[in-house]
Amino acid sequence: GQQLNQSPQSMFIQEGEDVSMNCTSSSIFNTWLWYKQEPGEGPVLLIALYKAGELTSNGRLTAQFGITRKDSFLNISASIPSDVGIYFCAGQGIQGAQKLVFGQGTRLTINP
Amino acid sequence: EAGVAQSPRYKIIEKRQSVAFWCNPISGHATLYWYQQILGQGPKLLIQFQNNGVVDDSQLPKDRFSAERLKGVDSTLKIQPAKLEDSAVYLCASSPLPEHNEKLFFGSGTQLSVL
Numbered sequence: 087g088q089q090l091n092q093s094p095q096s097m098f099i100q101e102g103e104d105v106s107m108n109c110t111s112s113s114i115f116n117t118w119l120w121y122k123q124e125p126g127e128g129p130v131l132l133i134a135l136y137k138a139g140e141l142t143s144n145g146r147l148t149a150q151f152g153i154t155r156k157d158s159f160l161n162i163s164a165s166i167p168s169d170v171g172i173y174f175c176a177g178q179g180i181q182g183a184q185k186l187v188f189g190q191g192t193r194l195t196i197n198p
Numbered sequence: 004e005a006g007v008a009q010s011p012r013y014k015i016i017e018k019r020q021s022v023a024f025w026c027n028p029i030s031g032h033a034t035l036y037w038y039q040q041i042l043g044q045g046p047k048l049l050i051q052f053q054n055n056g057v058v059d060d061s062q063l064p065k066d067r068f069s070a071e072r073l074k075g076v077d078s079t080l081k082i083q084p085a086k087l088e089d090s091a092v093y094l095c096a097s098s099p100l101p102e103h104n105e106k107l108f109f110g111s112g113t114q115l116s117v118l
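Residue numbers (this note's numbering), protein chains in the order written: chain A, 87 to 198; chain B, 4 to 118.
Isolated chain B, as found in the complex (with noise of 0.2 Å):
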């Protein structure tokens, strides 16, 4: 079973730039997340995607973070214009259903260093 697809790997911008990352989920879970890990915490949510409606989205720096998920299955997070302290690894992850949201499968995460 293919896991969670996240590309690029790694990303260099300078400040004030856009940035843009994609995810594919697992096949067939509905519920795709973002997370930011900040170097040597642990992930905090971004935001949460039931199918293509947005579950969660609280703790997502609204000003310059968006992400969408259009069709219900990938996703795209973007960050206009980027910050010095967004430089982090962002994970997506999936989980296969609702009701057990607790089990995530995580992709490789894209490691965003903005200079």
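In isolation and in its complexed conformation, chain A is listed as follows (with noise of 0.2 Å):
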């Protein structure tokens, strides 16, 4: 079946620093999500793309369609506490019509 890798597994920052973390697979998607996740609570949605080659950002996030549709990235900018938990992409085959596959999930932790 499909399956997303997603890197790092973990990490560890200080506070103010950029993150870049990525997501890869071995089949092509056509639309690619990131959430996040923090203790005790459900995913929540951060970003959807759905043009290879996108970028789309939200506040201090920033993610992109790769443009062989199967990759994607995220980078978050200027790092804060409330940033952490652990951040999931998600890839879907056809738009509205196919289950999303998640990833295993890059877990940040921040250094005050």
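Hint data in this document are derived by calculation from the structure and do not stem from the laboratory. The C-beta atom is built at its ideal place from N, Cα and C for all residues, glycine as well. There may be inaccurate statements among the hints.
Said to hold, decoys possible - Pairs of lysine-lysine residues, derived as PhoX-like cross-links and limited to a Cα-Cα distance of at most 20 Å, are as follows:
1) B:K14 / B:K81
2) A:K156 / A:K185
3) B:K86 / B:K14
4) A:K156 / A:K137
5) B:K47 / B:K106
6) B:K106 / A:K137
7) B:K18 / B:K74
8) B:K86 / A:K185
9) B:K81 / B:K65
10) A:K185 / B:K47
11) B:K86 / B:K65
12) B:K106 / A:K185
What the hints assert, rightly or not - One-sided excerpt, in silico: chain A residues whose CB lies under 7 Å from chain B:
13) F98
14) L119
15) G128
16) F188
17) Q190
18) P198
Since each chain comes alone in its own frame, lean on the hints to assemble the complex.
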């Protein structure tokens, strides 16, 4: 089946640093999404990407849909303590028609 | 706007026992999902409902798992009998439009421990 590989699995950074993480797949996806999950809560959608090459921002977060359609990237600028959590990428083969496949997550820890 | 409601938050049972989880989606959301999230992994879809019909249950272990959404609103997920490997967080999610079912709104989940 389709699998998504996220890297790194975990990150330990200082407050104020920029963060980069990525997600790769052996399959092509037509939609890429990034969700964030905090302890004891369900994932929350951060950014949705629908076109190869698309670059979309949400505040300090910027995500890109890779041109090969097999990868996506998430950057967080000037990290703050509330950015702590697990970031999941998710892919969908056909928008609205196929189930989401989630990566295994990147755990972000920030030292104040 | 109220979010997706799930209960209970935590459940501890012994293997071979049965357990049920309940979910009430966001009002007006026609599509409802149950996901299983094992510790250290991303959510995995178990079943998807569109109103009260099943759209996708290909990853639901049907010998022990069942789910229903009789009136097209709230839903229950049951495990009978439970196994040790069923220990996980069970997340319910809903989405407002079938053509945008990538935009999921998740509940806080039910954490199940099978001993």
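Status of the hints after comparison with the structure:
no., hint, verdict
1, B:K14 / B:K81, "holds, 13 Å"
2, A:K156 / A:K185, "holds, 17 Å"
3, B:K86 / B:K14, "holds, 14 Å"
4, A:K156 / A:K137, "holds, 12 Å"
5, B:K47 / B:K106, "holds, 15 Å"
6, B:K106 / A:K137, "holds, 16 Å"
7, B:K18 / B:K74, "violated, 31 Å"
8, B:K86 / A:K185, "violated, 26 Å"
9, B:K81 / B:K65, "holds, 10 Å"
10, A:K185 / B:K47, "holds, 10 Å"
11, B:K86 / B:K65, "holds, 13 Å"
12, B:K106 / A:K185, "holds, 11 Å"
13, F98, "violated, 17 Å"
14, L119, "holds, 6 Å"
15, G128, "holds, 3 Å"
16, F188, "holds, 3 Å"
17, Q190, "holds, 5 Å"
18, P198, "violated, 25 Å"
Comparing the model with each earlier hint shows violations of hints 7, 8, 13 and 18; every other hint is respected.
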